[in-house]
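Enquirer: Once you have looked at the hints, place chain B on chain A.
2 protein chains.
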Amino acid sequence: MVPTKALGIDIGGTSTKLGLVNKTGELLRFTSFPSRAQEDFKFFLEDLKSVTEDFLNEDKVIGVGIGAPDASPLDGTMSRPANFKWGEKVHLVDGISKVLNQKAFLTNDANAAALGEWYFGAAKGMTDFVVITLGTGVGSGFISNGRLLWGKRGMAGEFGHIVTKPNGRDCSCGHRGCLEMYASARGIRQTVLEFLAESEAPSSLRGYDLKNMSVRKIEKAARAGDLFALKTFEKTGHILGSKLADLIALFDLEAVILSGGVSRAGQLLLKPTLESMEAWTFPAFRGNTKLLLSEMENANAAVLGAAALVFNELE
Amino acid sequence: MVPTKALGIDIGGTSTKLGLVNKTGELLRFTSFPSRAQEDFKFFLEDLKSVTEDFLNEDKVIGVGIGAPDASPLDGTMSRPANFKWGEKVHLVDGISKVLNQKAFLTNDANAAALGEWYFGAAKGMTDFVVITLGTGVGSGFISNGRLLWGKRGMAGEFGHIVTKPNGRDCSCGHRGCLEMYASARGIRQTVLEFLAESEAPSSLRGYDLKNMSVRKIEKAARAGDLFALKTFEKTGHILGSKLADLIALFDLEAVILSGGVSRAGQLLLKPTLESMEAWTFPAFRGNTKLLLSEMENANAAVLGAAALVFNELE
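These protein sequence lines map, in sequence, to chains A and B.
Quick note, the first sequence lines up with residues -10 to 304 if you use our numbering.
Quick note, the second sequence lines up with residues -10 to 304 if you use our numbering.
A couple of the hints might just be wrong.
Pairs involving identical chains hold if they fit within one copy or between any two copies, as the list cannot separate such chains.
Simulated crosslink set (BS3-like; lysine-lysine; CA at most 30 Å straight-line) [stated by the list, open to error]:
no.	residue 1	residue 2
1	Lys279	Lys78
2	Lys154	Lys279
3	Lys200	Lys224
4	Lys31	Lys220
5	Lys113	Lys206
6	Lys87	Lys38
7	Lys6	Lys74
8	Lys49	Lys12
9	Lys154	Lys220
10	Lys260	Lys224
11	Lys220	Lys200
Keep in mind that the hints were calculated from the coordinates and are not lab data.
Every value quoted in this text rests on a predicted model; they were computed, and no experiment measured them.
Just chain A, with the same shape it has in the complex (with noise of 0.2 Å):
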């Protein structure tokens, strides 16, 4: 018997990824095309229908799974996309599964990564769990009782936007001291210049502003012993580590799992969150809930996500 095989979609502002995907997530083929988000939608399905029309010749494709930004799950629209001039309400899901003629299911970046983690990583066989996107922003992804966490409007997860600091940094949104500004590579970048702007003590990182410092750069200089780079992992794991608590209260979660490009930083960033997490975490809670890595290779994990939404939609 063949097993069922799902296509996974990823459509970022420059390119879209795809790849074909069986059930214990091998990506059995990849390919990736310009999105032409500045020309008009149909380029764009024109592009797909043809890139993907060898992909879909084989057996036992059951759907496709798309991950996109700003996308409304429950009406399968891209709202308002901040990088795309294919209009106000994108209607993908409509269109995609008419011009590939299959079953089309939509989800943002968060709860595809929360379902890549469940079916292909670090959450195999888990029940409450959450996976955190630590990119350009912060997002989140909930599995409650064995099943993803829409919200009424199909947008629950917004733990960017969970106020940190209530007189604190601005945030994009429109409010002050929300999580986002602390904990995104943004936040990082931010916290390591304040830092370094408090002292004249030599330091790798000397010379970079907000535009050309990089959480790779801080983590390089972390890992040779520069000390602002080590108190900036040191203070971002600290706020996140607080929120992340907050969450295990409300949730009684089994993993809180890290993901995205910062997560990369690994027991940088992971060991000062682990301490602040079990220090105020409801003390009738600590030690129930494990923090780990994201195990999907970053490369991939948004295709693989969107993969695994068609298995979670069909199966």
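Expert: Just chain B now, kept in the frame of chain A:
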């Protein structure tokens, strides 16, 4: 056709209330008896059997729902119940299902409150809401994606132990600054005493201490225009509202419902809570979540909620 009925049992440290409830939320029969919490568990079971004999002779009783403190819903026990001498681990579901010869189900107070509002109260027809119980403590019960959220060990919903003021008031859980220390009856009493301590201005609330102050007294004073009492509800609402905004960002809620003794203050509490909730809500989510008061009569809410658990499990 006779509609189905469920027996709801609310076990308290002093007395146990029980009632026969149909699916439209009518309390068809009701009684209560002393719990004898300081004696052996077997006396409770004997008394329960004798008072319910008559109830259970009725047609179409499909099961028994139990609300109890320190409940572990997943294994049907009370774990180290604070005010009971029935043992370290009391097998409520086993014991009660045997003596009554009925299917039995157990949950904690906050989940029972959420189910009660869902079946019979302010949340009828909703799929995503939270009920906040404001009483001696602060609890919460979540319905997400149309299902009660349990968590890994059945203990989800510890909203009262979200850390609200990192160096704030000592909480009995061992932490400092838990929401419960500001939004519970005890928290409100402490807040008014702190305001009174700041000034010598006259107030009808002078002369009380933490022991003999009550939320009812503060409410009465507020309605008579007492400035200390009014400030107390404002401060309580501001703190509570800011934390409700976190829940909205995480769960994408249709409604937040306030219940429990403290919620009887009505608009005195609702108005500042709503202002703060709206102000702190993630801007993209603003205006999508209603703040409501419980529609359950307080005296019977726990019995109705326990009965709703049966309908939720069996129908």
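Enquirer: Is it within a copy, between copies, both, or neither that the alpha carbon of Lys87 lies no farther than 30 Å from that of Lys38?
Expert: For Lys87 and Lys38, only the intra-copy Cα distance (10 Å) is at most 30 Å; the inter-copy one is 62 Å.
Enquirer: When no copy is specified for Lys6 and Lys74, does a C-alpha distance of 30 Å or less occur within a copy, between copies, both, or neither?
Expert: within (19 Å within a copy, 62 Å between copies)
Enquirer: Checking an output row: Lys279 and Lys78, CA cutoff 30 Å. Within, between, both or neither?
Expert: Between. Shortest inter-copy distance 26 Å satisfies the 30 Å Cα cut-off; intra-copy 39 Å does not.
Enquirer: Given a CA cutoff of 30 Å, do Lys49 and Lys12 count as a within-copy pair, a between-copy pair, both, or neither?
Expert: within (11 Å within a copy, 45 Å between copies)
Enquirer: Have a look at Lys154 and Lys279 and pick one of within, between, both or neither, based on CA distance no larger than 30 Å.
Expert: both (26 Å within a copy, 25 Å between copies)
Enquirer: Given identical chains, is Lys113 near Lys206, meaning Cα to Cα at most 30 Å, within a copy, between copies, both, or neither?
Expert: neither (33 Å within a copy, 53 Å between copies)
Enquirer: One pair to classify: Lys220 and Lys200, alpha carbons no more than 30 Å apart. Within, between, both, or neither?
Expert: within (20 Å within a copy, 46 Å between copies)
Enquirer: At most 30 Å between C-alpha atoms: does Lys260 with Lys224 qualify within a copy, between copies, both, or neither?
Expert: within (11 Å within a copy, 37 Å between copies)
Enquirer: Give the relationship of Lys200 and Lys224 under a CA distance limit of 30 Å: within one copy only, between copies only, both, or neither.
Expert: Within. Shortest intra-copy distance 21 Å satisfies the 30 Å Cα cut-off; inter-copy 41 Å does not.
Enquirer: Checking an output row: Lys31 and Lys220, CA cutoff 30 Å. Within, between, both or neither?
Expert: Result: close neither inside a copy nor across copies, 49 Å intra and 59 Å inter.
Enquirer: When no copy is specified for Lys154 and Lys220, does a C-alpha distance of 30 Å or less occur within a copy, between copies, both, or neither?
Expert: both (19 Å within a copy, 24 Å between copies)
Of the numbered hints given earlier, the model fails hints 4 and 5; all others are met.
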